[in-house]
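S.K.: Sequence:
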Amino acid sequence: MKALKLLFILLCFFHFMPCQAQSDQELNRDSVIGWQYVSNQPKANAVYKPVKSQQPNGATYSVWQQKASDMLINWIQQSYLPRGLVMRTIAKNDDRWSLYNNGPLHGYGVDFLGYSAHFVNGKIDLRCCEQGQRLVAGFNDFPGRYIEGFNPDGLFFFAEQAQFSTGDDEQQLIKEGIDKKIQSTLYNYRTYFDHFHNNGQQVFKIGVVVPKNGEWPFKPVLVKDAVAYIQQQMAAYPGIMKNNPYSEEPVRKALERLKPFYNEVVKLNANYNYHTAINDGNNHYLLNPEAIINGKPLNKSFPEYNTLVTTTRTTIDQTKTDKALWAYFNITPSDIYQEGNLSKYDTKLSTSVSHMVYSMLNNFNYDYVAQWLSRPDAGKTMVYTPVHKPARSSGNIISKQ
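If you read the sequence shown in the working numbering, its first letter stands for residue 68, the second for the next number, and so on.
If you're looking for bench data, these hints aren't it; they were derived computationally from the structure.
Note that the structure is a prediction, hence the values are computed from the model and not measured.
Any given hint could turn out to be false.
List time: in silico BS3-like cross-link candidates among lysine-lysine, alpha-carbon distance up to 30 Å [said to hold, decoys possible]: (1) Lys447 <-> Lys159; (2) Lys116 <-> Lys134; (3) Lys116 <-> Lys447; (4) Lys367 <-> Lys291.
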């Protein structure tokens, strides 16, 4: 036994030389921190009861919906062990930062909040940084924004993220090895991929929607129909233009400009603020045609745009039931970006956000979620298994400080 111990020490000394502590910078990069610092991890013996939503829609989170949020946490934590990233808080349901985009849709799920790892003298500093959104996932969450106070024909209008946007031409995309659907394992699902450049670096925004039975309950709107809806809204609520006479001429000119593009799906300015749209003071808003960018060149540096879509009261009501219609994984929420081409991911040195994105794209089992959504009654017997188990070590050789 003593001989074996001596042999191990010699191997460590000569073969893995030097066996020394990593520098703080290396610890920041290589540490697989996992979920150990989450302050409000769901409890295995949690007791659930219906909870009234604090949101304006006044819905109730049922026992099933609360359990579904916790299941979502469990699936993600089985698939992804944070490396170079400290997850500190899990905001659920009403506490989520991402709810304001949902409008009347009843969504439930989680926002993971945290910050990049920060070590000082070999010890992790848990008070170093402000928490921010790092990963968002939810049932019936919308990949875009609700357009408030604009409901011609009793429809509900949303600005959905474009499924693919880029400032590059086809040849450049081929040269860079860009897959417009992100990667082949996601071809069965609804993906959102915004590709642009920042000081020569490739940058991406990424999201995945898994619709129940492959059915997405939102329909794209043509420009000619959007123009008709806008005119219908102005006729139904004349106070909108009466209260905003300075907008009459710009609105008229914008509507006129759109005539050549009537048969195109509406593209919307991604930066347009629907909460400040012109209105009559009684919660009746106008979808400003100036926000429709069909016929205008996209900004090659920041080419993102939204698509105008509608849904019905039936969809809104169904989201309140215990049968989710879809799951949305916003892998790069808020100000989070994937830097660098996904096809050139470095499994040894990549960390923090890049490691999170890679894990969610390659380890997380979206096929399981699709089956779970289509068979809600079998949810209790279906066991989640990640496509690949997350690595518990970066595998890097320890270097000298």
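S.K.: Going through the earlier hints one by one, which of them does the structure break, listed in rising order?
M.R.: Hints that this structure does not satisfy do not exist here, as all of them hold.
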